[in-house]
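Hey, can you work out the whole structure from these sequences and the hints?
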Amino acid sequence: MTGEANVWGERDDRGRRRACILIAEPEPGERRPGGPSLAFALASLADPADDLAPAIESVTTWSACIDRCRRGPVDLVVIDEALGREAEEIVARLRRGAPELIVLQRGTGDGAALAWFRRGASECVAADRDLAALRHAARERLERARARRPGGAEDLPDARGILQHLGSALVIVDEEGAIAFANPAAERTLGLSREALHGRRFRDLLIEATEPASLGGEAASAHGLESRAGEARVLRPDGHAVPIALTWGPIVGANGAPTGAVAVFQDVSLTQEWRSHALQTEKMASIGQLAAGVAHEINNPMGFIHANLFQMTEYVTDLRQVWSRVEGLLKAIGGDRSLVERAAGELAGAVEEADVGFLLQDLAKAIRESQEGSERIRHIVQDLRDFSHQDTGERVLADINQCLDSTANIVWPMMKHLVVLSKNYGELPPVPCYPMQLKQVFMNLLVNAYQAIEESSARDGRIGTVTLATVAIEDGVRVEISDTGAGIAREHLDRIFDPFFTTKKVGAGTGLGLSTSFNIVRRHGGTLSVDSEPGRGTTFCLQLPLLREEIGSRSA
Amino acid sequence: MSDVRRPVVLLVDDEPRILSALHRTLRREGYELLTAETTQEALRLVDAGPVDCVLSDHKMPGMTGLELLERVASRRPETRRMLITGWNVEIDRDELARLGVLAVLSKPWDDAELKATLRAAVDA
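These protein sequence lines map, in sequence, to chains G and V.
Residue numbering for the first sequence follows this note's numbering, beginning at 1 and increasing consecutively.
Residue numbering for the second sequence follows this note's numbering, beginning at 1 and increasing consecutively.
All the given hints hold, so there is nothing to weed out.
Only pairs whose alpha carbons sit at most 16 Å apart, straight line, appear in this in silico EDC-like list of lysine to aspartate or glutamate:
no., chain 1, residue 1, chain 2, residue 2
1, G, Lys-416, V, Asp-14
2, G, Lys-423, G, Glu-480
3, V, Lys-115, G, Glu-314
4, G, Lys-416, V, Glu-15
5, G, Lys-416, G, Glu-454
6, V, Lys-115, V, Glu-29
7, G, Lys-331, G, Glu-341
8, G, Lys-416, G, Asp-405
9, V, Lys-115, V, Asp-52
Just so you have them, the derived chain G footprint on chain V, three or more residues with Cβ under 8 Å:
no., region
10, 19–33
11, 58–67
12, 108–118
For the record, the hints were derived by calculation from the structure and aren't laboratory data.
These numbers were taken from a predicted model, which means no experiment stands behind them.
Each residue gets a CB set at the ideal place from its N, CA and C atoms; glycine is no exception.
Right, here's the structure in full:
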């Protein structure tokens with residue numbers, strides 16, 4: 001029991017820490033007449049929480065004892081009074097506190113015990129025949145010592161109690177994947193009582209698990225011993241399918257082989273609701289940005305049409321003044337000559353004052369310009385209508401060039417002051433798709449391209465180019481959207497399709513644009529990839545198949 | 001007309017129809033009106049002779065109206081400066097104050113408001 005192996009702090013194969021008892025006695029391991037040795041008596045003191053026998057070491061001198069206590073914490077020192085002066089020295093130097101000090105009294109007498117207490121002993125016990133008093137005291141003292149230990153899993157007061165009140169659902173399955181334990185949160189989430197759950201295969205309660213195979217004990221050995229995380233849905237008896245996020249890992253037995261698995265999971269319906277809300281927010285953010293561009297595009301013609309109408313009203317008023325003089329002259333004609341001359345003079349004055357020649361010329365110009373402005377507005381509205389044509393629930397054969405072009409028309413007003421747009425459309429076969437969803441992807445990519453140019457332009461003041469290229473490939477089409485903007489940093493490149501990843505300013509993006517785009521393209525059975533060089537620009541490449549196979553809608 | 005010099009107002013917008021409409025609106029207000037479709041042209045006109053007031057669009061290719069007005073301010077601090085914008089862009093109020101921009105009008109503009117604001121700026 002003694003020796004170097006039992007250094008305090010040693011943990012067993014399950015990571016639990018052993019308590020450490022140090023025995024100070026004249027002859028370590030010596031059996032006492034008619035009874036066990038001290039070490040033997042104490043070794044049977046199992047730690048109440050986890051049945052782990054304490055590590056026991058022996059010393060014979062106070063200096064060795066103090067030295068050992070300095071090397072690493074000791075929970076309890078049992079001092080045999082038979083050590084005499086050495087015993088007194090140990091108690092005096094360690095005093096009360098950590099470790100706990102029990103003095104084993106050889107003689108009897110309360111006076112002696114009092115003296116030990118004064119020196120600093122925690123407790124004095126008589127060395128009775130089977131050391132029962134010592135064991136009782138040692139157990140209590142170990143409890144106290146353990147309460148003072150820094151926290152660790154082995155210090156949990158009552159693991160079962162914790163599991164009962166744990167907010168997360170926890171299920172333990174055996175080697176066959178059958179449920180051996182389920183806490184109340186698990187009962188709630190799974191919609192079944194503990195009794196109903198007991199013995200059922202956990203796997204059978206789930207649908208759409210991301211890694212269903214490894215949810216049983218059999219998988220723990222096949223997949224190694226690491227923990228895993230995934231998503232699934234619980235099919236409750238009431239027919240509700242509840243989305244959960246779960247982590248699970250093997251439970252390893254004494255021989256190091258898995259004996260089952262533990263799964264911790266949580267109902268994430270609220271999280272998913274929030275995520276879909278965020279998706280909607282992203283859509284609204286894009287629409288807001290577009291709306292600003294479109295509003296600007298409409299506002300310019302509106303601005304001059306509005307002003308022109310106002311001015312034309314003034315012109316008409318001026319011309320009416322002139323016309324009233326004309327009427328005056330017409331009335332005067334045939335009458336008194338001097339009246340005719342006066343009316344003619346007034347007319348000439350009015351014509352000059354109103355600058356009728358200019359008015360008529362400019363009136364025609366103002367009308368022409370306003371007509372052109374209203375034509376522009378009509379086009380913008382037409383573009384909006386083309387762009388926002390809603391998808392029916394089914395795929396339709398669509399012209400990808402047209403989808404891309406109508407999207408570009410919508411985004412164009414927003415970017416035109418900074419961007420040269422170059423279009424290189426190839427001849428494409430019709431593609432079975434959800435056109436509105438693809439337009440959303442194109443819009444995301446175009447807005448990103450514009451923002452990348454905005455960023456680089458803020459630095460060098462240069463205008464950028466966005467190139468749209470489409471080409472027919474074997475069994476599909478390829479769309480490339482390139483910009484000459486700021487580019488994407490290498491360290492961000494493999495994260496840009498992650499949900500909520502964004503490098504934009506707070507409020508400028510939700511970080512869902514590209515992940516949404518990625519998912520839409522994947523739903524079409526296509527691919528979306530990126531190539532970027534910081535300072536040079538970025539190209540997004542989107543490939544869509546002509547196949548009609550539904551991909552991604554494989555709900556069981 | 002008297003021999004007093006008429007105030008010179010420079011209108012800047014990349015949209016010629018806007019310039020045309022502004023010109024129409026202001027033609028009988030007693031100003032000498034200049035127009036520029038680019039910021040470069042605007043700066044050339046500012047350099048060429050006295051300009052009492054610049055009324056510029058904000059969102060233009062190459063340079064924003066605010067940037068243009070900043071340059072105007074550094075060349076001719078006495079020139080009054082105003083913005084007219086169709087896009088509801090966030091323009092920092094502190095920035096406007098720093099650059100001494102007297103007013104920001106929005107498109108479509110109100111004729112009476114435009115005339116009054118311009119008059120106040122020129123007389124300032």
